[in-house]
Amino acid sequence: MRELVARYLSQSISRRTFLKGLAAAGLTPAAARSVLESVVPSAQAQGVEGVRVVEGTGGECFAEQLVASGVRYIFGNSASEDAHFYEALVDRPQLKYILTPHEGPGAAMAAGYVKASGEPAIVMQAAVVGLANAIGQMFNAYKEQTPLVFYSYRTDQTGRAGRDGFEEVANQEGIVAPLTKYAWLARSASMIPETVRRAFKAAWTPPYGPTYASWHSDLNDERTRAEVIVQEKVDPRMRVRPNPAEVERAAKLLVDAKMPLMIVGDEVTRAKATAKAARLATLLGMPVTQARSVHANFSQSHPLWVGGLPVGRISSLDFPKNPDVVINVGNKLQHNSPNPMIGRGVKFIDMRIDSWSMGNVIPTDVPLVADVAFGLDDLVAAVEQLVTDDLRRKYAARADEVRAFGEKRRRLSRLFAKSPDWDASPMIADRVTWEVAQFADRDAIVVHEAGSVAAHSFGFDPDGGRELFYYMGAHLGSGTGTAAGVKLARPSRQVICLTGDGSFIFGPTALWNMARLELPVITVVYNNHAYSGPHSRVIEKVPNGRMVETGHFVHDYLGKPDMNMAWIAKGFGVEGEVAHSPAELKAALARARRATMDGKPYLIDAQVARVGVAWADSPWVPTVRERGERERRM
Amino acid sequence: MRAALALTGMFLLACAALAQQPAKAPAGFPDAPGKDVLTSRCFQCHGPSMWTAQRQDRRAWEATLYRMVGRGALWNDDEIQAMASYLATVYGRKAK
Chain D
53 MRELVARYLS QSISRRTFLK GLAAAGLTPA AARSVLESVV PSAQAQGVEG
103 VRVVEGTGGE CFAEQLVASG VRYIFGNSAS EDAHFYEALV DRPQLKYILT
153 PHEGPGAAMA AGYVKASGEP AIVMQAAVVG LANAIGQMFN AYKEQTPLVF
203 YSYRTDQTGR AGRDGFEEVA NQEGIVAPLT KYAWLARSAS MIPETVRRAF
253 KAAWTPPYGP TYASWHSDLN DERTRAEVIV QEKVDPRMRV RPNPAEVERA
303 AKLLVDAKMP LMIVGDEVTR AKATAKAARL ATLLGMPVTQ ARSVHANFSQ
353 SHPLWVGGLP VGRISSLDFP KNPDVVINVG NKLQHNSPNP MIGRGVKFID
403 MRIDSWSMGN VIPTDVPLVA DVAFGLDDLV AAVEQLVTDD LRRKYAARAD
453 EVRAFGEKRR RLSRLFAKSP DWDASPMIAD RVTWEVAQFA DRDAIVVHEA
503 GSVAAHSFGF DPDGGRELFY YMGAHLGSGT GTAAGVKLAR PSRQVICLTG
553 DGSFIFGPTA LWNMARLELP VITVVYNNHA YSGPHSRVIE KVPNGRMVET
603 GHFVHDYLGK PDMNMAWIAK GFGVEGEVAH SPAELKAALA RARRATMDGK
653 PYLIDAQVAR VGVAWADSPW VPTVRERGER ERRM
Chain L
29 MRAALALTGM FLLACAALAQ QPAKAPAGFP DAPGKDVLTS RCFQCHGPSM
79 WTAQRQDRRA WEATLYRMVG RGALWNDDEI QAMASYLATV YGRKAK
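Just so you know, the sequences run in chain order D and L.
Each number in this note's numbering comes from the position in the first sequence (counting from 1) with 52 added on.
Each number in this note's numbering comes from the position in the second sequence (counting from 1) with 28 added on.
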């Protein structure tokens with residue numbers, strides 16, 4: 053209640069949200085109205101609506117602006133020069149500080165929270181030394197277009213800057229410039245709130261992305277007077293409708309197409325437009341696919357779903373083989389090959405808010421720069437205007453063709469369970485995935501950072517079913533942190549983190565946050581004691597070389613000694629166990645469920661077989677010292 | 029370095045440098061039963077080194093093919109068995 057009142061008085065929530073919060077706290081409508089009336093005079097005394105002048109230290113002004121920017125959670129690692137900010141938190145219960153033991157997983161946790169909640173958050177690090185640890189996750193936020201705000205002070209005070217002092221680097225904010233939409237150094241304490249709110253404005257104006265705010269550490273200690281302004285007063289609320297003339301052209305192309313194809317992407321999920329995308333597809337009997345994305349942006353059980361792009365080009369789809377019109381709705385279309393994802397000669401409609409990347413690789417016949425929710429609304433309306441009864445019959449026949457392929461695809465895609473190694477121990481990755489999918493709640497959220505593991509069998513459905521958070525950015529070490537942040541945002545949903553051993557070991561400290569904050573995430577580590585992906589890819593480049601001939605791979609084996617992820621988890625306060633066989637895995641998952649029912653996280657170290665070219669049962673391990681080189685024992 | 033390792037998740041994308049023209053068998057794939065199935069169903073995604081560096085028995089080839097199914101390959105049982113037999117014949121385990 054105290055926190056709720058503080059948030060209302062600081063204008064970080066509306067009157068309506070305040071009343072809803074009181075109701076959620078158990079107050080009757082009459083009692084809630086009474087509380088509201090009692091605090092209204094205080095709220096009105098705050099001055100001009102949405103704008104307040106505050107006096108205090110730079111740290112206090114920083115805290116006040118975070119409140120006004122709608123921040124609830126601060127993810128930070130201990131920073132000596134943020135003393136006045138920490139001091140300000142004591143009497144601002146609406147700001148909750150989450151201490152993270154390493155900046156990387158801490159930033160991943162913040163990003164997970166932002167992606168799952170749609171609410172703002174900030175990540176704080178100690179100067180450039182902490183920032184350096186967080187930059188990997190800043191890269192992920194940049195690639196995934198996550199609106200995450202980063203802050204770290206400059207350890208060098210204004211009176212000694214430029215002398216190459218302790219923790220000082222020139223142009224600190226310039227380090228992150230290529231990875232951020234906005235990076236700025238406030239020049240005075242009074243400019244701290246403005247710098248912070250501009251960081252939030254830039255991050256949350258589409259296309260989203262990370263931003264960075266910084267200032268000299270002594271500005272946190274300095275007393276000042278500054279305006280604090282709520283986010284609503286600075287947010288351009290950029291929700292763009294597409295150009296109507298282009299909408300008409302797109303509708304005509306789609307209506308006349310012999311075989312159109314829709315590619316969906318993360319802007320669909322962010323705009324909460326998955327049902328609208330399904331409506332357009334259904335109207336036209338149009339097959340739907342997806343290129344590399346964070347989320348599963350279309351129901352995988354929808355009859356028009358034809359599966360994801362196997363190798364990032366539409367030509368790799370089994371169906372349709374030769375689409376003549378392709379519409380992309382909100383996908384970044386990340387190219388990982390010299391070949392364009394969509395071949396020349398195909399008519400292409402690109403609907404996105406991220407106009408910068410349009411037309412860079414794929415010639416675009418119809419650009420639709422738009423918030424995809426509005427864009428889909430307008431396009432559906434335009435298509436409906438053009439559809440005749442004859443066309444409806446044609447589209448229905450096409451939908452039948454797509455549905456028939458979909459049924460075949462679903463039947464064939466289950467054949468992986470006929471592998472001769474299905475019951476083997478150590479397990480094949482497909483068996484682990486299948487067991488977890490059988491176990492998962494119908495609306496589970498799966499955080500996926502498990503290397504080359506295919507997340508089959510889950511049947512993701514963004515409209516009320518299972519959801520996916522995939523590590524699209526690909527800086528490793530994000531999985532456990534992301535899962536913790538997702539669970540913080542969605543406490544009533546089962547959250548399962550799938551991670552490879554290599555990925556996991558880059559960022560296990562978030563387990564400690566799960567234990568401390570009682571975030572009951574189930575983490576499953578696919579542990580094959582190796583970097584399998586790099587192993588396979590070097591052989592692709594040097595297929596008959598000395599590595600294969602001798603079995604001497606210097607870069608891929610993580611055994612000898614084997615890492616025990618369950619022991620690592622226990623060190624962070626998370627119970628866990630090692631599962632060697634399918635039967636052990638099933639039993640472990642049952643124990644994991646019991647733990648999470650009690651609010652406890654749980655980790656399963658699933659022992660997975662190494663598969664692929666040239667793996668030995670006991671791989672060669674390079675040595676760096678000759679036996680007997682040591683001259684004395686000590 | 030970490031980003032490079034993260035390419036683990038892009039195994040299937042690694043072969044994306046192949047052109048979009050229809051699959052054609054390169055050298056190293058002698059005629060034998062099952063070859064046509066292999067070249068028509070695998071070469072749309074994979075380059076030849078996927079096979080030429082590997083020597084394993086039929087069971088292991090079969091397991092490899094079923095693993096590809098988990099990653100999105102759409103083959104029926106007959107096609108998988110034909111490909112496994114071909115690969116075991118051409119790229120079976122070497123005699124020691």
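There may be inaccurate statements among the hints.
[Unchecked claim] Pair by pair, the computed Cβ-Cβ distance ranges are:
id, chain 1, residue 1, chain 2, residue 2, range
1, D, Val413, L, Ala55, 40 to 46 angstroms
2, D, Gln437, L, Gly75, 45 to 51 angstroms
3, L, Ala55, D, Arg568, 34 to 40 angstroms
4, D, Ala661, L, Gly75, 38 to 44 angstroms
5, L, Gly120, D, Gly411, 48 to 54 angstroms
6, D, Ala635, L, Gly75, 35 to 41 angstroms
[Stated by the list, open to error] The list that follows gives simulated cross-link-like pairs (lysine-lysine, PhoX-like), each with its CA atoms no further than 25 angstroms apart:
id, chain 1, residue 1, chain 2, residue 2
7, D, Lys72, D, Lys233
8, L, Lys63, D, Lys373
9, D, Lys233, D, Lys253
10, D, Lys304, D, Lys253
11, D, Lys373, D, Lys233
12, D, Lys612, D, Lys622
13, D, Lys253, D, Lys148
14, D, Lys285, D, Lys195
15, L, Lys63, D, Lys328
16, L, Lys63, D, Lys470
17, D, Lys310, D, Lys253
18, L, Lys63, D, Lys460
Please keep in mind that the hints were generated in silico from the structure rather than gathered at the bench.
The beta carbon of each residue, even a glycine, is placed where N, CA and C say it ideally should be.
Could you tell me which of the hints above the structure violates, numbers in ascending order?
1, 3, 4, 7, 10, 11, 14, 15, 17
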